[in-house]
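A.B. asks: Read off the chains here:
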Amino acid sequence: MTSADAVSALANPRFPRVGPLGVVAVALAVSAFYLLVRVGPTALAQATVNGLVTGSYFALGAAGLTLVYGVLKLLNFAWGEYLTLGAYLAVLGRTAFDLPLGVALIFGAVATAVFALLLELSMWRPMRRKGAGMFQLLLMSLGLAFVMRYVIQLVAGTEVRQVGSNVTSTIRVGDIYIGRTQLWAVLVAFAALVTLAVLLRRTRLGKQIRALSDNPELAETTGVNTDRIVLVTWILAGALAGLAGVVYGASVGVITPTLGFGIVLSLFAAAILGGLGNAYGALAGGILIGLVQEWSTLVIAANLKIAVSFVVMILVLILRPQGIFGQARTAER
Amino acid sequence: MVATTFAWVSSPDFWINVAILTATYGIFALGIQLNKGTTGITNLAQAGFMAIGAYTFAILVVREGWNSWVAMLVGVGAAMVAAVLVGLPSLRLRADYFAITTLAFAEIVRYLADNSRDLTNGSQGLAGYNNDWFKLSLSMERRLDDAGIPTPGFLVPLALVSVALLLVLTLLVGALVRTPWGRVLRAIREDEDAARALGKNTLVYKLQSLALSAALAAVAGYVLAFNLTLLTPEQFDPVFTIFAYVIVILGGLGSYVGVVISSFVLMTLLEATRFVELPLPADRVAAVRFVIVGAVLMLLVAFRPQGILGKRQEMVLGE
Amino acid sequence: MSDAVLVVEDVSKSFGAVRAVDGATIDVARGSITALIGPNGAGKSSLFNVITGFERPERGRVRFDGRSIYRLPPHIIARRGLVRTFQLTKTLSVMTVLDNMLLAAKDHPGERLTSLVLQPRASRRRERTARERAGELLERFDLGPVSGDYAGTLSGGQRKLLELARALMLEPRLVLLDEPLAGVNPTLGRRLLGHIEELRERDATTFLFVEHDMEVVMNHSDRVIVMAQGKVIADGAPHEMRGNERVIEAYLGA
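Those protein sequences? They're chains V, E and B, same order as listed. Quick note: the first sequence uses this note's numbering, first residue 1, plus one each step. Quick note: the second sequence uses this note's numbering, first residue 334, plus one each step. Quick note: the third sequence uses this note's numbering, first residue 653, plus one each step.
Hints are not guaranteed to be accurate.
[Claimed, not checked] Here are some of the chain E residues that sit facing chain V, going by a computed Cβ distance under 7 Å:
id	residue
1	V417
2	A428
3	A437
4	V634
5	F636
Note that these hints are calculated values from the structure, not bench results. Don't be surprised by glycine CBs; every beta carbon is placed ideally from N, CA and C.
Sequences and hints are given; from them, build the entire structure.
C.D. replies: This is how it looks when you write it as structure tokens:
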């Protein structure tokens with residue numbers, strides 16, 4: 001069996017049983033119907049639009065998180081900070097070099113990818129080589145989160161900074177509003193996620209990433225170069241995180257050092273809901289969490305909406321810890 | 334300038350403050366030691382349990398007029414109940430899933446505290462729970478004065494009581510860990526399946542460990558509350574939990590005496606840095622401290638995971 | 653069979669697409685020493701895991717001493733008198749040999765928080781009796797001299813013995829041994845087998861062991877069960893296995 005054959009065999013797309021997807025679909029339909037009755041079609045449609053906007057950058061953020069988890073089985077608690085970094089670097093690009101937002105976006109994504117690569121080479125890989133266990137890596141990521149967040153705060157201060165995106169003009173379809181920048185954000189996210197999906201599905205690299213994440217032992221014995229795949233995964237994930245940070249910052253209009261930390265648990269919820277390690281899951285999970293958060297504002301106080309995604313995450317962990325697309329054995333002890 | 338930055342060595346206020354902080358973080362970290370160092374579970378909800386204890390107590394006293402001592406007992410109970418509720422569904426999951434569940438729980442607690450204005454006053458802070466303690470504290474001060482012991486500052490009674498509490502609890506928990514019950518916990522830490530194969534219901538033991546830790550967190554919460562006299566959700570920041578892990582690792586996983594010592598060392602260092610003059614505005618100075626704490630944790634984990642007092646073989650489990 | 657201490661009926665366990673155990677049916681007579689053999693991947697350890705509650709089968713029945721233990725959690729099964737050892741020993745290396753043994757003591761009030769606090773004398777008493785029994789067992793297995801050492805410092809063979817001695821602390825009626833002799837030197841191994849036979853004579857303890865050493869299987873077991881690809885393909889007296897075509901084929905084809 002050549003390495004290519006093995007990789008193909010391992011990386012065949014797996015579709016989950018109708019079970020979990022079906023449950024999600026039914027739950028969505030039932031909730032939608034209930035909300036429709038309770039608040040009317042306009043409010044529901046507006047909330048849905050808002051949810052898709054939020055969901056798109058949740059999906060971007062969760063995709064990187066889940067990719068890294070897939071190949072390394074590392075829950076990176078510092079992931080929110082990677083988003084914050086991307087946002088700040090993009091704003092830096094705008095203010096220091098007067099870059100237009102689109103270019104700043106790419107700058108932010110690339111710079112974060114480089115940072116992720118450097119961190120892997122200087123910290124994560126040496127730790128793994130030393131035989132560091134899960135607990136040590138977990139604590140490392142916690143410490144890293146603090147260092148990153150507060151270094152950013154040290155350098156850039158706690159004041160909110162303007163991204164310089166257009167937060168006032170909105171597009172109107174009937175009674176539904178969507179900000180121009182937000183629409184742009186959704187489109188950018190969509191483009192990035194589609195690119196990711198194609199990359200994972202069609203390219204050799206993508207298949208290797210999926211092979212390594214589904215079955216590391218088999219992938220290694222059939223000659224997949226683990227080190228290289230891990231590096232590439234970090235670059236990809238870093239770019240996605242940076243992108244997510246900029247997109248999120250642009251949608252909101254301002255950035256603060258706690259930008260990433262504020263949404264990191266929603267990102268975890270999205271990744272867990274979709275099944276940790278599964279990029280398609282992160283996509284689905286991100287959109288779902290975004291929807292659930294925004295729909296929840298129709299019935300409970302808006303400032304509780306983040307608690308809603310926490311609750312979803314805990315429910316998923318209790319009822320089906322492997323998420324929608326995950327395999328049962330990965331979650332239980 | 335050197336003279337200014339070292340004046341704190343002889344200042345009694347400084348040491349009183351360090352004593353209270355040592356006790357607060359120390360009692361808090363005893364729970365983390367019980368969970369991680371002895372039982373092997375990574376509890377990231379400790380700050381949440383602390384908040385539940387402190388707020389339950391304060392709300393009962395301020396809003397319902399309860400007696401402080403009874404309210405404190407109920408607060409401990411509430412924290413323990415919360416621990417069982419969190420642990421029941423999540424302790425059977427993989428270690429990192431359990432960790433994130435506990436982290437999420439702590440965030441929800443903080444979030445709810447911030448948003449339940451009617452109960453907690455949100456970020457404006459809840460005050461007025463201090464009266465019973467204050468009376469006790471004054472009478473202690475008077476008695477100390479009568480005995481000729483100088484009491485520089487009104488926080489002396491709190492310092493004395495909290496440090497005494499820390500020492501007593503350290504002895505108690507340390508003793509508990511050396512019993513047959515503690516032996517099962519230690520077995521669970523190394524190999525849970527081995528413990529189950531020997532007839533131990535490991536879920537129950539893990540729940541007990543978590544609940545006891547939550548009780549300790551609640552007690553630490555009371556020391557915090559009496560020290561600050563105003564409860565706000567920001568005080569229960571996740572950095573508390575980071576501090577606790579630094580303390581536990583520094584002092585050595587499994588060593589309860591180590592918790593006391595490293596808590597004292599860490600708090601002394603941290604408070605001393607307040608006197609270092611940095612050419613930075615105030616909020617940036619706060620950021621420096623957090624960066625240092627995070628960096629210390631990373632360095633410890635990377636280069637000396639067994640801490641100062643721990644045994645290398647205790648860490649050789651590939652944790 | 654009325655005196656079968658263990659009855660396994662049509663048990664199946666799959667991991668994804670792999671059927672590790674495929675409709676296995678065995679019964680083990682009380683007081684017997686039964687060998688479970690088969691090529692690698694035959695499903696022997698998986699079957700052990702299912703019987704002892706460490707894996708949940710999709711279907712089947714498992715009865716121990718007349719009561720169903722199907723899908724019960726491992727700690728309850730162990731308490732009922734069905735204990736096991738592991739292929740990769742699970743001795744606790746950060747505890748001493750003696751502590752490993754004491755851990756296994758049954759019905760110890762000191763292990764329950766409430767009785768620890770409310771009945772300290774009962775706890776101390778039980779600890780004492782546990783120490784005595786542990787000491788006896790350790791002597792029997794020549795582990796007396798190392799009883800104060802950390803289990804992590806023992807050799808592989810000594811660890812196997814410790815694991816067996818520890819399992820015996822539970823006063824089991826059925827012991828499942830997963831490759832008890834792997835890595836154990838022949839002298840010690842013979843003593844171990846001697847202990848097993850002695851326990852069978854004295855207490856009618858039943859043993860079911862997985863072993864690859866055919867000499868041991870042929871000369872020290874009353875019955876041999878053969879598994880291959882998750883199924884039980886032969887079951888009978890040791891000498892009957894020699895000429896059995898299906899058995900030979902299973903080993904050659906693996």
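A.B. asks: For a quick check of understanding: which of the numbered hints are violated here, in increasing order?
C.D. replies: 1 and 5
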